[in-house]
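J.: Listed below are the residues making up each chain.
There are 2 protein chains.
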Amino acid sequence: MLILLDQDGVLADFEHAFLAAWATHYPEIPPVAYEDRRSFKILDDYPPALRGKAEAIYTAPGFIRDLPPVPGAVEAFHALLAMGWDVRICTSPLTQYENCVAEKYQWVERHLGREATQRMILTRDKTLVRGDLIIDDKPRIEGAVKPSWRHIIYDAPYNREETEATRLTWQNWRNVLAGELYRGDY
Amino acid sequence: MLILLDQDGVLADFEHAFLAAWATHYPEIPPVAYEDRRSFKILDDYPPALRGKAEAIYTAPGFIRDLPPVPGAVEAFHALLAMGWDVRICTSPLTQYENCVAEKYQWVERHLGREATQRMILTRDKTLVRGDLIIDDKPRIEGAVKPSWRHIIYDAPYNREETEATRLTWQNWRNVLAGELYRGDY
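As they're listed, the protein sequences go chains D and C. Residue numbering for the first sequence follows this note's numbering, starting at 1 and increasing by one per position. Residue numbering for the second sequence follows this note's numbering, starting at 187 and increasing by one per position.
To be clear, the hints were calculated from the coordinates, so they are not data collected in a lab. Here the structure is a predicted model, which means the values were calculated and not measured. It is possible that some hints are incorrect.
Unchecked claim - Just a few of them, taken from the derived set where beta-carbon distance is under 10 angstroms, the chain C residues facing chain D:
1) 190
2) 276
3) 287
4) 314
5) 330
6) 361
As the list claims (entries may be wrong) - Covered by chain C, according to a simulated footprint, are these stretches of chain D (three or more residues, beta-carbon under 8 angstroms):
7) 34 to 41
8) 140 to 151
Positions of the beta carbon are idealized from the N, C-alpha and C atoms, including for glycine.
Kindly produce the complete structure, drawing on both the sequences and the hints.
T.: Next up, the structure:
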């Protein structure tokens, strides 16, 4: 089994780090609370007048590098490897790649070990990457070709409209993947 | 047609930049001349006593960013796009990813334009990337799965033992690709 794990929102906790940085930089402006997030792209949840402030937070040097892991993600990564699965980290860099690209590697080295950096695949189009499954918080993953993987949505407030989909968290992942394997033609 | 182009050795002229940097840093030690290169990994062509010096050259800050383009590569990239092909830049970062990863993006932005950075796919395992063709100077591309692409070798002294393979350069590429299309089942 070849499984692709998205990085931001699945392994690295972008959302809560964003809120913490917002509270530090703009304590007088209320941010969009986590449970109120409705768009996959965080900027789309902010009014135009605040988008520059929001973008400045997540493109700042060190922001991506210093994201905390999503609780349970590091343990699940190692557990999947121990189960004999081929695990890859499949992540789309920001169009403002400048800090983000190297910091994504630094993040993986810090939390998953230097060897895990060799499991990274950076691409803006994930349909071009082969796999049996992808775990990703993006509600719909589109690209140039019909994907070879089945998409399991990592649960987040901004993807809960995709009601028919299987929902995974690092608390229920063993059950969800067992269900996938039972149901699937792998 | 989805075509993957390798970066170092195909778009970016790693070999000649290495020789130029060597001549600057170690003028008293003769390097391995380009035509005498036999191994895909440059370190394998140097005696153990010189490998540290060689590695220091290509992992130095700025080395990857400042590589000159392979003559004809930039023109061919734009010509392939103009022909309606879906062109992606598929590149494996060094295990010493520190400078290399961000600089590969900077190189693409400088020579192919910022928009082209969105066509980049960074992966240590290119068999996981889908495509019809890959142009790569590595003699044999191996990985976790059977690739979907056909490999066209970009000609270099260290891959000329692969005698049965089609050989491409940015001088003959129109003929080689026309031959591939004629022969292939795309």
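J.: Are any of the numbered hints broken by this structure? If so, which, sorted upward?
T.: As far as the earlier hints go, 6, 7 are violated by this structure, in ascending order.
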